[in-house]
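Asker: Sequence:
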Amino acid sequence: MADLEKDILRGGQFLVKETNCDDVFTPEDFSEEQAMMKDSVMEFNDREIIPHKARFEAKDYALTEDVMRKAGDMGFLSVAVPEAYGGMGMGFVSTVLTCDYISSGTGSFSTAFGAHTGIGTMPITLYGTEEQKQKYVPKLASGEWFGAYCLTEPGAGSDANSGKTTAELSADGKSYKINGQKMWISNAGFCSVMIVFARIEDDKNITGFIVEYDTENPNGITLGEEEHKLGIRASSTRQVFFNDTVVPAENMLAGRGEGFKIAMNALNVGRIKLAAACLDSQRRILTTAVNYATERKQFKTPIADFGAIKVKLAEMAASAYAGESATYRAAKNIEDRIAMREAAGNTHQEAELKGVEEYAIECSILKVAVSEDVQNCADEGIQIFGGMGFSEETPMESAWRDARIARIYEGTNEINRMLTVGMLVKKAMKGHVDLLGPASKVQEELMGIPSFETPDYSELFSEEKEMIKKLKKAFLMVAGGAVQKYGPQLEDHQQLLIAAADILIEIYMAESAILRTEKNVKRTSEAEQSAQIAMAKLYLYHAVDIVEEKGKESIISFAEGDEQRMMLMGLKRFTKYANYPDIVDLRIEIAEKVKAEGKYCF
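Heads up, the sequence shown is in UniProt numbering, so the first residue is 1 and it goes up one at a time.
Hints are supplied without guarantee of correctness; some may be wrong.
[To be verified] PhoX-like cross-link-like pairs, simulated, lysine-lysine; straight-line CA separation at most 20 Å:
1) K204 with K177
2) K430 with K17
3) K465 with K576
[What the hints assert, rightly or not] For each label pair, taking beta carbons as the anchor points, the in silico distance ranges come out as:
4) N579 with E350: 46 to 56 Å
5) T129 with E83: 15 to 25 Å
6) Q484 with D172: 51 to 61 Å
Because the hints were derived from the structure by calculation, they are not lab data. All C-beta atoms in this analysis are idealised placements derived from N, C-alpha and C, irrespective of residue type, glycine included.
Kindly generate the complete structure, drawing on both the sequences and the hints.
Answerer: Here it is in C-alpha cells:
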C-alpha cells in the first residue's frame with residue numbers, strides 16, 4: 001500500500017516531479033487478458049462495423065442501434081460496470097482499451113458507444129443509490145436498455161450550469177415535474193433511460209435525475225427530428241422536450257444541487273474516453289494512407305517514396321504514438337489511484353469518482369491533444385489521396401467529417417484548455433501540487449548566471465529529458481508570472497490561459513512519448529525501438545517550437561521592460577537544444593518503417 005502511494009503522482013504533479021520511465025504504463029504492458037480483449041474488440045469492429053460503413057454514412061440509425069445490441073451481447077458495454085450490477089468489473093485501462101479499438105470503424109457507432117457507456121451509464125454507477133444501481137445498471141450493462149445524457153440546452157452550452165429546465169416538487173413530496181428543452185442529445189432516438197439535469201426553484205446549481213423513457217408511455221417527453229450533421233451521421237442526435245414529465249422523487253441522482261458536480265465528473269471520464277476513441281482512428285487512417293501511397297504512382301514512382309509524402313506519414317505516426325503513450329499513461333494512473341483508495345477502505349463508487357477526479361487535468365489535456373491530432377491526421381489522409389480523398393468513395397472524407405465533432409463535445413477544446421490551467425492553479429492553492437516552490441526556483445535561476453558547460457548527452461534521451469525539464473521551467477515562468485500579475489483575475493485573461501494550456505499539453509504529450517520509448521528500449525534494444533525513438537524526438541521538437549511560440553506570445557502580453565527582457569531570455573534558454581535533431585532524417589526513418597510494414601505498426 002505504501003509502495004503504491006509512493007509511486008503514484010497526483011494529478012498535475014507531472015509538471016513539478018520527475019517521472020521514472022519504469023513507473024509509466026504503456027500499451028506494451030497490456031496483460032494477457034487485455035490483449036485478448038483488444039483482439040476481440042478489433043474482430044468485432046472488423047466484422048460488425050467496418051463492412052457497413054456505407055450504411056452508417058447513409059444515416060441508418062437502426063443499424064447503429066442493432067450493432068449496439070450486439071456490442072451488449074459481447075459484453076463490451078459492461079467492461080467498466082462492477083460485477084455486482086451485471087458488469088465485467090474490469091479495470092480502467094481495459095475500459096479505455098475497449099473504447100479505443102471499438103471506435104475506429106465509424107464515428108457514428110463510436111459516439112453511440114461513448115455516450116452510452118460513459119455519460120449514459122457512469123453517472124448512475126458513480127452517484128446512484130444502491131436501489132438505483134440495482135434497478136438500472138444491469139439493463140444498461142447488457143444493452144437491454146440504452147442511456148442518454150441530457151445536459152445541453154439551446155441557451156446553455158459551455159455554461160452548463162445555466163440551464164433553464166425546471167424540476168418542481170409535487171405537493172405530496174413524492175415526485176418532481178420536469179419542464180424544459182435539451183438539445184444535441186446523443187442516443188435520444190433509442191434510449192430507455194435519460195440522465196436529465198434540471199433546476200429546482202432558484203437553486204444555484206442544477207440537479208440530476210434518472211428519467212425513464214418509453215415510447216408507449218412517453219410521460220410528457222417528445223423528441224425532435226434527427227439532426228442532419230456534418231459527421232457522425234448515423235448516431236441519433238435529437239432535441240428532447242419535457243412537458244410536465246413526472247419523475248419519482250427517489251430518482252434524484254445524488255443530492256439536490258449536486259447536478260453540476262455530476263456533470264463535471266461524468267465529463268472527466270468522457271474526456272479520457274474520447275481521447276481513446278480517437279486513437280485507433282489515427283492508426284487506421286495512417287494504414288489506409290500508407291497503402292494508397294504505396295500503390296499510387298506518379299512520375300513512375302510510388303508517391304510514398306516522395307519526401308513530401310514521407311513528411312505526412314511520419315508526422316501522422318508520431319502524433320498517434322504520442323497520443324497512445326499519454327492516454328494509457330493517464331488511464332493506468334487513474335486505475336492505480338482507484339485501487340489505492342479501495343485499499344484504504346473507500347467504496348468502489350467513491351474510489352472511482354475520486355480516482356478520475358484526481359486526474360481531471362490530464363483528462364482535459366488528452367481530450368484536446370488527441371482530438372486535434374485525429375483531425376490533422378484525417379486532413380493529411382485526404383491530402384495523400386489527392387482528388388480521390390475528396391470523394392465519398394474513399395474512407396478519408398468520412399473520417400475527416402467524423403473527427404470534427406471531437407473538438408466540440410465533452411466540453412469544447414477552448415473550455416478544456418482553460419480548465420487545465422484553472423484546475424492546476426486550484427490544486428496549487430489547495431496544496432495538492434506545489435507550484436510556488438518550483439516557480440520561485442525558476443525566478444532565482446533567471447537572476448543567476450547560466451552555466452556554459454557542455455553536458456554529456458551520450459546516454460539515450462539524456463538531452464530530450466533535459467529539454468522536458470526546461471519546458472516545465474518555461475511553463476512555471478510563464479504561468480507563475482501571469483498568476484503573480486493577475487491573481488484570481490487570471491481567469492478573465494482567456495488568451496493567456498489558452499497559451500499556457502498549450503505549453504502544458506505539449507509537455508505532457510512529449511514526456512509521455514519519451515518515457516514509453518525509454519521503458520521499451522530497456523526491455524528490447526535501441527535498434528528494435530529505432531523508429532519509436534525517432535517519433536519521440538520528432539514530437540518533442542515540435543513541442544519545443546510550440547512552447548517557444550506560446551511562451552513568447554504570453555510574456556510580451558503581460559510583462560514589460562526589464563521583466564519582459566529577462567523572461568524572454570529565460571524562454572530562449574529553456575527552449576534551446578545543445579544538439580538539434582535532424583528532422584528530415586527522423587521523418588524518413590519513421591516513414592520507411594511504416595511503409596515497410598504497410599500499416600501503423602507500433
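Asker: State for each hint whether it applies.
Answerer: Evaluated hints:
1. Between K204 and K177, the direct Cα distance comes to roughly 19 Å. Compliance with the 20 Å bound is thereby established for this hinted pair.
2. Annotation: proposed proximity of K430 to K17 holds, straight-line Cα distance about 17 Å (limit 20 Å).
3. Of the supplied pair hints, the one linking K465 and K576 holds, its CA atoms being roughly 13 Å apart against a limit of 20 Å.
4. Taking the beta carbon of each, N579 and E350 are about 49 Å apart, inside 46 to 56 Å as hinted.
5. At roughly 19 Å, the beta-carbon separation of T129 and E83 lies within the given 15 to 25 Å, and the hint holds.
6. The hinted range of 51 to 61 Å is satisfied by Q484 and D172, whose Cβ atoms lie roughly 57 Å apart.
Checked against the numbered hints listed earlier, the structure breaks none of them; every hint is satisfied.
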